Amino acid sequence: MRNSSRKIELEDFRKVVDKVKAEGYPRVGLYSWTEPFLNRTLEYYIEVVKDYDLPCEISTTLSLRRISNMEACFRSGLDLMIVSISGMDQGVYQRNHVGGNIDYVFANLEKASSLIRENNLSTKIRLRFFKMEHNQHHIESARSYAEELGVAFELLQDSTDPSTSEYHKYTNDYFVKQSLSSPELIAPEEVGKICPLMFDVVAIDDKSDIYLCDAMPYHPFFRIGNYLDLSEDQLLLKRYSHSFCRVCTYPRREATDSDAHRLVRAIEARTGRVSHAPLDKMGNRVLSIDFATDEGSAVRYLSIDHTPELSVELQSISDLDMLYVPHEPERYYKTGYDAFKLCQKAVGKWPPRRVVDFGIGYGRVSRWFRQEWPSAIVYGVDINTSSLSFVQQSLGVLPIQIDAHLSVKNIPGDIDLIFCGSLLTGLDEWQWDAVIRLVVPALGPSGILVITTHGRAMSQMLRNNISHFGESIDGASLLNTFEKEGFAYAPYAADHPTFGVSLSSPAWVMSKLQQIPELKIISFEEQGWGQDVVVLKRNPWPMAVASGASEPVRAGYSANGKATSITAFGGLDDRIEISIAGTTVRVPAGVDRETLKSVLVALTNSSDH
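With UniProt numbering, the residue at position 393 of the sequence shown is 393, and numbering never jumps.
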């Protein structure tokens, strides 16, 4: 953009700042696309900003032969002066700062530094160096120069280069054509992102006109309307519906509940049309906004990461649920919902038919399974009879009792999803193996297994606080073993050795999972749920074939008048299951004859085998 000495009338500027203050913007910057010191009365504009008790900053090149009002600007209360350069000699500098003079910059910068220092003024100076391919050899000398002057130094990456022909193509027509290109692109907003320039910044020119954002030039295509004539809600919707945002690559951030509420409030102000549920019922769903525009209609979306409200019948909390903190109920519900979202992503677009929550507790996660997948059968596995009774009666979960040795009689098969959240984090290695041997055969074809573990992040927490897991855990010993072996376990109590705390490194977890050819590793995310999250899939894929794993071989007969079946599993399981009258016992495939006979005797109360 060309520099211009045009300026907004002072009274209109006061109206702008008054509105900016009322709308909650935290500071005012003068200017975006031109040189502020071309305004010979700049100090009066700074005074207006300070009248409203707002921080004021300017961004300047200082590439002017003479600046008569620099000291006056400092004395008016200017908080920050950002000085941009792109080289430390004229040849390099003028390649980006076309028409600029680096000697003027140095002279003005040294004058500014001296004025502030000698008069004890509060204005801060920041020397901003734009880093490009051609000027990287000047970075350290610019940094040293800033230190000599006693000013801050900032290094920013910049990909534009005015000396190339590419720079001059960015005309109004270019941006119009870009906005119409690539119709197949998915807007970042559709995956839960929003642009901070849209929600956090407004860019206003000398006519009080507002533009899409301060990252775009002030071309007519980006003009939104007059800032003083439009309400905050109107401005947000007009900017949010702009067609260029879909193709823009400016970095986005995660949308917050506050962003969503601002959009909903704007929509409800009748500046557009919307079809959506109340925000507190929406969950992590897509809010679609249908706008009327000058060109016709436009639709934009925002995926809102918001924990929905549970139905009343699923809100019951047990008094024995130690995970529920009365003054932080939202944390309990959000943690459960986040686990559901992990599982939902793992299983894909088709809702599972049969789900197992292994280590269900009092249903922090399963209540979300029940709400979001209402047609699914949900089983809960736990050692605690009171928790199983609670989830059965309050959440409609089918209970499965397990003992401390991980023996279970009636775990179902053909399961689409098994969730083991915060389960392996409290178990020893032999229990890991036992859990895996229980759950993998229960998975149906292409069934999903989600497990969570304490990995590197948790070990770092322990280093920072050796008592992180409580006084009953020898944190130093646990950490020492973990660092040596990649896995460590300590029970909470010597008389209850089957429950405690385990640490497992990503490498140890992967080495363990590699021994299970029937499981395909889909993903591994450190701290994906406050713990590391591993997603696995049971699949007849090449590793299973190569391992020699096969379908189970079953034989049925009668023992002492009772229906009996013996199933031999190869590959992963390498075991024998003996089922008599509905009771199942699993023994290793290599068990000796006498042990096998004793099992049969115990099950049939007969010595006739």
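Do not take every clue at face value.
List of simulated lysine-lysine pairs, DSS-like, C-alpha gap at most 30 Å [to be verified]:
{"hint": "1", "residue 1": "Lys50", "residue 2": "Lys111"}
{"hint": "2", "residue 1": "Lys19", "residue 2": "Lys111"}
{"hint": "3", "residue 1": "Lys19", "residue 2": "Lys177"}
{"hint": "4", "residue 1": "Lys124", "residue 2": "Lys169"}
{"hint": "5", "residue 1": "Lys349", "residue 2": "Lys334"}
{"hint": "6", "residue 1": "Lys207", "residue 2": "Lys177"}
{"hint": "7", "residue 1": "Lys50", "residue 2": "Lys15"}
{"hint": "8", "residue 1": "Lys7", "residue 2": "Lys21"}
{"hint": "9", "residue 1": "Lys111", "residue 2": "Lys131"}
{"hint": "10", "residue 1": "Lys512", "residue 2": "Lys484"}
{"hint": "11", "residue 1": "Lys124", "residue 2": "Lys7"}
{"hint": "12", "residue 1": "Lys124", "residue 2": "Lys15"}
{"hint": "13", "residue 1": "Lys238", "residue 2": "Lys207"}
{"hint": "14", "residue 1": "Lys193", "residue 2": "Lys341"}
{"hint": "15", "residue 1": "Lys19", "residue 2": "Lys124"}
{"hint": "16", "residue 1": "Lys349", "residue 2": "Lys520"}
{"hint": "17", "residue 1": "Lys21", "residue 2": "Lys50"}
{"hint": "18", "residue 1": "Lys177", "residue 2": "Lys124"}
{"hint": "19", "residue 1": "Lys520", "residue 2": "Lys484"}
Source of the hints: derived by calculation from the structure; they are not laboratory data.
All of these numbers come straight from a predicted model, not from anything done at the bench.
How the hints compare with the structure:
1. Lys50 to Lys111: Roughly 24 Å separates the two Cα atoms, so the pair holds.
2. Lys19 to Lys111: It is violated: about 35 Å lies between the C-alpha atoms, which goes past 30 Å.
3. Lys19 to Lys177: 34 Å, violated
4. Lys124 to Lys169: 36 Å, violated
5. Lys349 to Lys334: This hinted pair holds, its Cα atoms lying about 22 Å apart.
6. Lys207 to Lys177: 26 Å, holds
7. Lys50 to Lys15: It holds: about 14 Å lies between the C-alpha atoms, which stays within 30 Å.
8. Lys7 to Lys21: 20 Å, holds
9. Lys111 to Lys131: Holds - the C-alpha atoms of Lys131 and Lys111 are around 25 Å apart, at most 30 Å.
10. Lys512 to Lys484: 16 Å, holds
11. Lys124 to Lys7: 24 Å, holds
12. Lys124 to Lys15: Holds, because 27 Å separates the two Cα atoms, which is no more than 30 Å.
13. Lys238 to Lys207: OK: Lys238 and Lys207 at ~18 Å, within 30 Å.
14. Lys193 to Lys341: 17 Å, holds
15. Lys19 to Lys124: Holds, because 26 Å separates the two Cα atoms, which is no more than 30 Å.
16. Lys349 to Lys520: 19 Å, holds
17. Lys21 to Lys50: 11 Å, holds
18. Lys177 to Lys124: Judged against 30 Å, a Cα distance of about 42 Å means the pair is violated.
19. Lys520 to Lys484: With Cα atoms ~28 Å apart, Lys520 and Lys484 stay inside 30 Å; holds.
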